[in-house]
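Peer 1: Chain by chain, the residues run as shown.
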Amino acid sequence: MAYVAVKGGERAIDAAHAWLAAARRGDGAIVELQTAQIREQLGRAVDRVMAEGSLYDPELAALAIKQSQGDLIEAGFLLRAFRTTLPRLAATLPLDTATMRLTRRISAIFKDLPGGQVLGPTYDYTHRLLDFALLENAPVAPAPQAEAIAGPTPRVADILGHEGLLEADARSEDEPFDLTRAPLAFPAGRDARLQGLARGDEGFLLGLGYSTQRGYGNNHPFVGELRAGEVDVEIVPAELGFAVCIGTVTLTECQMVNQFAGSKTEPAQFTRGYGLAFGHADRRAMAMALVDRALRAEELGEARTAPAQDPQFVLSTCDNVEATGFVEHLKLPHYVDFQSELETIRRLRATAERTQAASLPEAAP
Amino acid sequence: MKGYNFAYLDEQTKRMLRRTLLKAVAIPGHQIPFGAREMPLPYGWGTGGIQVTAAVLGRADTLKVIDQGADDTTNAVSIRRFFARTAGVATTTRTASATIIQTRHRIPETTLTEAQIIVYQVPQPEPLYQLEPSRTETRRMHALADYGAMHVRLYEQVARYGQIAISYDYPVMVNGRHLMAPSPIPAFDNPKMHRMRALQLFGAGREKRIYAVPPYTAVVSLDFEDHPFRASRAAHVCALCGDRASYLDEVVTDDRGGRMFICSDTDHCASRRESAP
Ligand SMILES: [Zn+2]
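From first to last, the protein sequence lines stand for chains Z and W.
Residues in the first sequence are numbered consecutively from 0, following numbering that gives the first Met the number 0.
Residues in the second sequence are numbered consecutively from 0, following numbering that gives the first Met the number 0.
Calculated directly from the structure, the hints in this document are not laboratory data.
Computed from a prediction, not measured in an experiment: that's the story for all the values here.
Don't take every hint at face value.
To be verified - Okay, the calculated beta carbon distance ranges per label pair:
1) N174(W) x A11(Z): 50 to 56 Å
2) R159(W) x V326(Z): 40 to 46 Å
3) G256(W) x V326(Z): 41 to 47 Å
4) P214(W) x L329(Z): 32 to 38 Å
5) R272(W) x P306(Z): 51 to 57 Å
6) V30(Z) x V250(W): 46 to 52 Å
7) L347(Z) x G256(W): 17 to 23 Å
8) V232(Z) x E249(W): 56 to 62 Å
9) V250(W) x H16(Z): 24 to 30 Å
10) R229(W) x L19(Z): 43 to 49 Å
11) R138(W) x P266(Z): 34 to 40 Å
12) Q129(W) x G25(Z): 40 to 46 Å
13) V250(W) x I12(Z): 47 to 53 Å
Note that CB positions come from ideal geometry on N, CA and C, so glycine has one too.
The shape of chain Z in the complex, shown without the other chains:
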């Protein structure tokens, strides 16, 4: 009765977990990876996991990466499952990215601008040649240091905004929607959409953003500004009544300047798409800005023809923890459903055979 004796699921699960732990550790002769090494040396992976895990905690993100053997979607899932158990102690004030301590700031639409262009630690102009020197763990020479940027570094949005050429930031004093506490409903407000995109899968956002560039809902984007750096996080404790800084986060912000819109009553203005991501994440922030702008099609009176312009399609599909769960759940047992399908298909075939037999011409006598 070997086929039927499926008892022992519990022992199988325990054994699988033990094997997984051993596989994760790998060859014991190789020194074990420290989470501090992941945090310091795999920063882009840590940033992605913090974004998709919706939790700014480089230490825990590094732990999740180690625990998941570098499977970044699994790591983001670990972080989210932890995040959901955390108490909510306070809400921060809106971050002021104009006061960002910049490590990177570029504009593709102005040759120069107040505060200047700052390349920062970017891969943009590296030649993609494998650097075999890294195999040797050779010491790295210190990077040259420039003077800190003197004076304000206004956001490009504010520069164009002075002339009225760019639509202004929508102002709202309302409590922003939180899709981790309330179910998303459609039509979804821009706050809900931006929150969904901010923790959406980077690959999915990239593909959708790219699809707009390939004609599926094009919105004529220019990178108005891409900036990255540290921003203070402030709260106003009720017992104090004034703002106190509780820490800093590193962010990448993308202001996309897009196709202008106007009407008989409204003068023409450039429109905007917005992207914001934890850590250094040009690709994520830019793709998010493209998709944010695409999702504004209806609001801006544009024809909604492409997937990137469909809020339900984008927001219900962009979450990689949901997506990976539902795709991968297909490997769970489905044999009851399959059995019912087997019975149906056998019944349909039997019916068809009977019908066919009945319609055959009578054999000649």
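Following the hints, position chain W with the ligand against chain Z.
Peer 2: Structure of chain W with the ligand alone, referenced to chain Z:
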């Protein structure tokens, strides 16, 4: 479990879930959106059912968890362990001894009682999603009880195959008002939902919807007068207990067409074998 609340979820979240459940019971078959939490198990593994169970579970409850009708499938084992670990409640494989039964894809063969709650894991709560992907539109269709499209779909199957060809997740009308997805149970189980004595709760975590069928509510599988609903099963006898009426799994025994059929409900089959003379 150290560091976590009883049954994992915090009390605020459970209160939110219970409010949702009350609404769901008040409007049988109607999907209620809720702020589903991220659970430490993946979406698709039963996060909706787990949240519903966590919200109704008390210390005195006895929990049974089945997947494909069986208590010993790996995911059923995993979910049962989750609650044994986070709530410390008693667990059982005996349908009759359970006060709460969480299930994926089956309704037990043993008739449930008023003292029991059955919690279904639901992957897709929207019965109309294959006909209309937009949830804005399906919400409108439910509001107007505009279910003509589903009847047309069934009619198309009759026209093409000479019969309705839906095998599982067979759509039902609840309380004569709401079209409901019964979750991917085989159509064979649908009649068990009709006027069931137990409270039936449905949780869809990824889709963030909860719905319910209160005890003794009418649950009718869609059909036509000239093509009535049929609950079909493999026309075989259980090789282990000899049951001729239970829902059967087909077990492949070799690569030359060898088959045996056994009860999908492992507790039902074991009980019959124990009580056999
Ligand atoms: Zn049997």
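Peer 1: Among all the numbered hints in the text so far, which are the ones the structure does not match?
Peer 2: 1, 2, 3 and 13
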